[in-house]
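K.L.:
Sequence:
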Amino acid sequence: MNHTSHPPSALHELGVAALAAQLRDRQLSAVELAQHFLARMREHQDLGAFLAVDEEATLAQARAQDAALAAGTAGPLAGVPIAHKDVFVTRDFPTTAASRMLAGYRSPFDATIVERLAAAGCVSLGKLSCDEFAMGGDNESAAIAPVGHDAPRPVRNPWDAARVPGGSSGGSAAVVAAGLAPGATASDTGGSIRQPASLCGITGIKPTYGRASRYGMIAYASSLDQAGVMARSAEDCALLLSQLCGPDLERDSTSLDRPAEDFGRNLGEGIEGLRIGVPREFLGDGLAPDVRAAVEAALQEYERLGAKRVEISLPRTDLAVPVYYILSPAEASSNLSRFDGVRYGHRAAQYSDLVDMYRKSRSEAFGEEVKRRIMIGTYVLSEGYYDAYYLQAQKLRRMIADDLQQAFTQCDVIAGPVSPTVAWPIGAKTDPLATYLADIYTLPASLAGLPAMSVPAGFGDAGMPVGLQLIGNHFQEARLLNLAHRLQQATDFHLRRPAA
Numbered sequence: 001m002n003h004t005s006h007p008p009s010a011l012h013e014l015g016v017a018a019l020a021a022q023l024r025d026r027q028l029s030a031v032e033l034a035q036h037f038l039a040r041m042r043e044h045q046d047l048g049a050f051l052a053v054d055e056e057a058t059l060a061q062a063r064a065q066d067a068a069l070a071a072g073t074a075g076p077l078a079g080v081p082i083a084h085k086d087v088f089v090t091r092d093f094p095t096t097a098a099s100r101m102l103a104g105y106r107s108p109f110d111a112t113i114v115e116r117l118a119a120a121g122c123v124s125l126g127k128l129s130c131d132e133f134a135m136g137g138d139n140e141s142a143a144i145a146p147v148g149h150d151a152p153r154p155v156r157n158p159w160d161a162a163r164v165p166g167g168s169s170g171g172s173a174a175v176v177a178a179g180l181a182p183g184a185t186a187s188d189t190g191g192s193i194r195q196p197a198s199l200c201g202i203t204g205i206k207p208t209y210g211r212a213s214r215y216g217m218i219a220y221a222s223s224l225d226q227a228g229v230m231a232r233s234a235e236d237c238a239l240l241l242s243q244l245c246g247p248d249l250e251r252d253s254t255s256l257d258r259p260a261e262d263f264g265r266n267l268g269e270g271i272e273g274l275r276i277g278v279p280r281e282f283l284g285d286g287l288a289p290d291v292r293a294a295v296e297a298a299l300q301e302y303e304r305l306g307a308k309r310v311e312i313s314l315p316r317t318d319l320a321v322p323v324y325y326i327l328s329p330a331e332a333s334s335n336l337s338r339f340d341g342v343r344y345g346h347r348a349a350q351y352s353d354l355v356d357m358y359r360k361s362r363s364e365a366f367g368e369e370v371k372r373r374i375m376i377g378t379y380v381l382s383e384g385y386y387d388a389y390y391l392q393a394q395k396l397r398r399m400i401a402d403d404l405q406q407a408f409t410q411c412d413v414i415a416g417p418v419s420p421t422v423a424w425p426i427g428a429k430t431d432p433l434a435t436y437l438a439d440i441y442t443l444p445a446s447l448a449g450l451p452a453m454s455v456p457a458g459f460g461d462a463g464m465p466v467g468l469q470l471i472g473n474h475f476q477e478a479r480l481l482n483l484a485h486r487l488q489q490a491t492d493f494h495l496r497r498p499a500a
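Start counting the sequence shown at 1; every next residue gets the next number (full-length UniProt numbering).
It should be emphasised that the hints constitute simulated quantities derived from the structure, not laboratory data. Heads up, some of the hints might be wrong.
Calculated cross-link-like contacts (lysine to aspartate or glutamate; reagent style EDC-like; alpha-carbon spacing at most 20 Å) [unchecked claim]:
1) Lys395 x Asp318
2) Lys429 x Asp461
3) Lys371 x Asp356
4) Lys429 x Glu369
5) Lys308 x Glu281
6) Lys371 x Asp340
7) Lys429 x Asp160
8) Lys395 x Glu383
Across the chosen pairs, the derived CB separations fall in these ranges [to be verified]:
9) Asp257 x Asp461: 42 to 50 Å
10) Ala388 x Gly104: 35 to 43 Å
11) Ala161 x Ala119: 34 to 42 Å
Idealized CB from N, CA, C, for every residue including glycine.
From just these sequences and the hints, can you work out the full model?
P.N.:
What follows is the structure, given as structure tokens:
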């Protein structure tokens with residue numbers, strides 16, 4: 001692929017692939033590129049997307065990559081700037097999971113995915129806001145003040161600052177959409193990569209569960225959490241994901257013993273005859289007309305490219321929300337029990353005994369949504385309710401996974417909406433249940449551990465972005481990325497930028 005040199009003012013318009021090529025060709029230095037993005041971050045602090053920035057640390061990493069490029073020892077992504085969601089621990093930046101519980105925490109090690117992207121040559125711009133402990137669907141629950149602000153505040157959607165960017169990886173989606181970073185890491189428990197990618201008009205993918213190491217990722221729900229990436233295009237996501245995935249058996253018990261691979265190897269292949277399954281349950285009454293129109297237009301584009309549309313059924317789709325919101329709080333209740341004020345994290349200033357210290361430390365440091373989920377999880381795991389709730393939810397989870405496997409006997413890929421609506425106004429959803437229901441289309445793939453992604457598919461009401469969800473069977477990331485790439489070759493939705 002040929003890339004032409006761009007003036008510095010347009011560098012933020014380029015994606016991962018184009019920037020990596022310019023850096024390799026020495027048309028651009030890693031330090032120049034880092035300085036450009038650091039300047040943009042300072043200019044756009046109103047988005048509230050960064051929770052931690054250390055310009056000296058970033059420039060030191062950039063200088064090291066310039067030296068590697070000069071010596072001919074550079075990795076494939078040498079000098080490419082990225083930013084990390086604040087649930088991945090980092091040595092060079094504080095890690096808080098956007099919670100007062102971990103305010104000021106510095107990890108002595110890097111998460112595996114941070115380590116692997118650094119080994120590939122990526123330069124870190126800082127840490128990104130998210131819902132507290134990744135629990136949320138709108139990025140309104142961050143309890144740490146973003147850079148340039150004195151108090152916590154929601155991340156703003158670059159397409160409309162009065163609207164949410166989606167969650168929990170809203171900071172990751174916002175910086176990519178606004179051109180503050182060409183790519184970002186993110187995590188997906190029930191849709192937290194796909195939903196914000198859709199609401200911010202960018203590309204985001206979560207791989208098969210176990211493909212990316214969870215070592216160094218602050219756990220929310222261990223059987224669901226999976227690291228992934230966001231970028232402008234499928235090509236860029238393929239480059240990042242190829243470096244990020246791979247076995248980490250000694251450090252992560254959920255890691256799969258499956259070698260790393262080039263997820264971009266199929267980009268550009270034809271899709272003639274590919275069967276795209278569209279669940280009838282995904283196009284029901286709960287879907288907004290503007291989202292439906294964009295999704296239908298994208299599906300028609302695939303048919304023009306030679307794919308075949310197949311109607312399928314996922315009959316237990318409506319059960320995905322209650323199943324997820326029993327299982328994930330149960331795991332959260334267990335995972336967050338470690339934050340007790342003893343070993344690390346917030347400790348109350350005054351307390352009468354050990355139990356009082358636990359109670360006050362956790363009450364003071366956890367936000368409302370985190371407390372809500374811990375309480376739900378503790379309840380469903382308690383004696384007398386475990387069988388009625390948790391055990392039944394696990395059985396239904398298996399049935400939902402079986403429904404997806406049955407669907408894959410009729411189709412090669414599943415497609416549909418990501419979110420029932422475009423991004424909603426900040427503060428509009430005061431009922432937590434309303435936010436939970438926005439996950440209806442993303443939850444089945446998460447419960448089954450399948451790879452899934454969001455690809456820009458058009459625009460809905462008020463000119464807000466709409467994403468198309470693509471779900472593959474296990475280990476079909478390369479197929480999904482090629483399918484997304486083919487749509488991006490035929491449309492320009494992924495190239496459009498917020499006017500502001």
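K.L.:
In this structure, is the beta-carbon distance linking Ala161 and Ala119 contained in 34 to 42 Å?
P.N.:
Holds, since Ala161 and Ala119 (Cβ atoms, about 36 Å apart) stay within the stated range.
K.L.:
Verify the proposed pairing of Lys395 with Asp318, using a straight-line Cα cut of 20 Å.
P.N.:
holds, 15 Å
K.L.:
Do the Cβ positions of Asp257 and Asp461 conform to the proposed distance bound of 42 to 50 Å?
P.N.:
holds, 46 Å
K.L.:
Under the criterion that the straight-line Cα-Cα distance not exceed 20 Å, is the pair Lys308, Glu281 satisfied?
P.N.:
holds, 19 Å
K.L.:
Does the Cβ pair Ala388, Gly104 satisfy 35 to 43 Å?
P.N.:
Given about 41 Å between the Cβ atoms, the range holds.
K.L.:
With the threshold set at 20 Å, check whether the alpha-carbon distance from Lys395 to Glu383 stays at or below it.
P.N.:
Holds, at about 18 Å.
K.L.:
Are Lys371 and Asp340 close enough, with their CA atoms no more than 20 Å apart?
P.N.:
holds, 13 Å
K.L.:
Is the straight-line distance between the alpha-carbon of Lys429 and that of Glu369 20 Å or less?
P.N.:
holds, 13 Å
K.L.:
Has the given pair, Lys429 with Asp160, been kept, meaning a C-alpha gap of at most 20 Å?
P.N.:
holds, 17 Å
K.L.:
When you check the alpha-carbon spacing of Lys429 and Asp461, does it fall within 20 Å?
P.N.:
holds, 18 Å
K.L.:
For the pair supplied as a hint, Lys371 and Asp356, confirm whether the alpha-carbon distance does not exceed 20 Å.
P.N.:
holds, 17 Å
Hint violations for this structure: none, all hints satisfied.
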